[in-house]
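A.B. asks: As they're listed, the protein sequences go chains H and G.
Numbering-wise, the working numbering puts 159 at position 159 of the first sequence, and it's gapless, one number per residue.
Numbering-wise, the working numbering puts 103 at position 103 of the second sequence, and it's gapless, one number per residue.
No wet-lab data here; the hints were simulated from the structure.
Please read these numbers as outputs of a predicted model, since none were measured by experiment.
For each residue, glycine too, the CB sits at the ideal point set by N, CA and C.
You can trust all of the hints, since none of them are fake.
Straight-line C-alpha distance at most 16 Å; calculated EDC-like pairs for lysine to aspartate or glutamate: (1) G:LYS190 - G:GLU120; (2) H:LYS138 - H:GLU69; (3) H:LYS148 - G:ASP137; (4) H:LYS99 - H:GLU113; (5) G:LYS107 - H:GLU126; (6) H:LYS38 - G:GLU120; (7) H:LYS138 - H:GLU172.
Okay, the calculated bits of chain G under chain H, using three or more residues with CB under 8 Å as the criterion: (8) 82-93; (9) 149-160.
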Amino acid sequence: MKKKSKYIVASLLTVTILATTAIVYHNHDSASTTPYTKVTNLSANSLKLQDIDQLDDYVELVVVGYATEDFSDREHKIKAYGDGYLQDFSTRTNIKIDKILKKPADFPEDQKELTIIEPVSLQDEEKITAENYIELKKDEPSVIFLMKNSFGDYSLVNDNLGKIILTDEDPEAPMQSLTKAELSEYDAFRKSVLEKYNLNQ
Amino acid sequence: MRIAKSIKKALILSLVLTPIALQCAPSDANAVRLLGGRPTAIQDVWYSDSVSSYGYVAALDEARFRWNDTSSKVKITRVISSAGTPDKYYVGVSEIRTRWGLQTPYKLSSGSYITASNNETWAFSTMSIYYNNMFLDNFSPEEVISNAGHEFGHSIGLGETPPSGPSSLMKQGVQSIGPTSYDISEIRLKRGN
Chain H
1 MKKKSKYIVA SLLTVTILAT TAIVYHNHDS ASTTPYTKVT NLSANSLKLQ DIDQLDDYVE
61 LVVVGYATED FSDREHKIKA YGDGYLQDFS TRTNIKIDKI LKKPADFPED QKELTIIEPV
121 SLQDEEKITA ENYIELKKDE PSVIFLMKNS FGDYSLVNDN LGKIILTDED PEAPMQSLTK
181 AELSEYDAFR KSVLEKYNLN Q
Chain G
1 MRIAKSIKKA LILSLVLTPI ALQCAPSDAN AVRLLGGRPT AIQDVWYSDS VSSYGYVAAL
61 DEARFRWNDT SSKVKITRVI SSAGTPDKYY VGVSEIRTRW GLQTPYKLSS GSYITASNNE
121 TWAFSTMSIY YNNMFLDNFS PEEVISNAGH EFGHSIGLGE TPPSGPSSLM KQGVQSIGPT
181 SYDISEIRLK RGN
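Please take these sequences and the hints and turn them into a complete structure.
C.D. replies: Structure representation (structure tokens):
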């Protein structure tokens with residue numbers, strides 16, 4: 001009995017030490033490859049639909065696709081007013097299209113590549129985002145909801161509910177993750193998206 | 001022997017309970033009130049020339065007056081000079097198709113102002129409403145006022161009201177309302193009566 005207890009305690013300690021080491025290693029590894037040292041999260045007023053039918057009605061283009069470059073290799077735009085203060089920020093993300101789920105009449109059925117506008121940017125090691133939006137990860141297939149902006153480009157809409165990862169991964173990036181409430185909202189929405197477009201694997 | 005047993009029990013309990021306690025931490029309890037903000041909501045605001053050139057001075061004034069009525073601790077006064085640290089309001093354009101407004105806080109760092117997150121204390125903020133997107137979505141005059149008021153709400157320290165929450169100017173999207181009773185109670189909790 002005494003030996004058994006010692007064995008349990010030793011096992012628990014070993015598991016704790018291993019887990020701590022893994023977390024420290026993961027954080028260190030992420031930090032060393034992260035193209036930014038600070039995340040600035042702003043407040044915005046933008047579309048926020050939690051009903052997939054409403055969102056599907058609202059948007060013009062829905063695709064299953066994935067980003068082809070790392071976040072740091074994409075074209076980041078920061079637009080300022082004449083006095084230097086921030087007006088707008090975005091990233092041009094190249095995606096490969098695996099499947100088109102909804103499209104306007106003028107969008108070619110066989111189009112396989114597209115550059116989309118994401119609501120996030122990068123400048124001098126600072127990542128700027130709003131409403132805690134987390135960018136598309138390279139090679140991670142997602143359902144992406146898009147609308148054409150006034151410049152004729154397709155823009156991702158509905159923030160974190162505008163890109164639903166097909167695999168069971170949660171949206172996250174170095175120094176950024178969804179809050180418990182945001183994650184719960186995302187999970188429920190993801191389920192409805194997969195059901196609507198018959199994407200359950 | 002007893003001490004060893006107690007240590008063992010404590011160790012096992014802590015290993016089991018710590019993750020549970022972390023999961024239960026109330027991280028989003030005050031989502032509608034930002035953790036950050038200006039030290040007070042008695043603040044000045046300067047309108048850029050873009051506000052008058054797009055014809056939105058009256059809309060911004062109306063949005064401002066509506067917040068000023070919510071608490072004696074909220075007073076947003078328009079000033080004619082951008083000198084010092086008044087908030088700054090602009091009408092701009094955005095490439096994000098369904099973004100209608102943005103609030104950007106600034107804080108002092110090493111002698112210059114840099115962008116701050118909404119969970120930090122800031123010195124002033126800039127607010128933008130985006131003409132191109134409001135135009136594409138055929139905003140009515142009342143919707144412009146709501147959009148402008150939403151950004152003022154952020155500038156005085158309120159975050160977003162979740163979609164499932166009560167009626168609120170601080171919900172995201174296109175609305176035609178001013179600060180609701182819920183918004184008033186939230187700003188009073190943040191700033192006082």
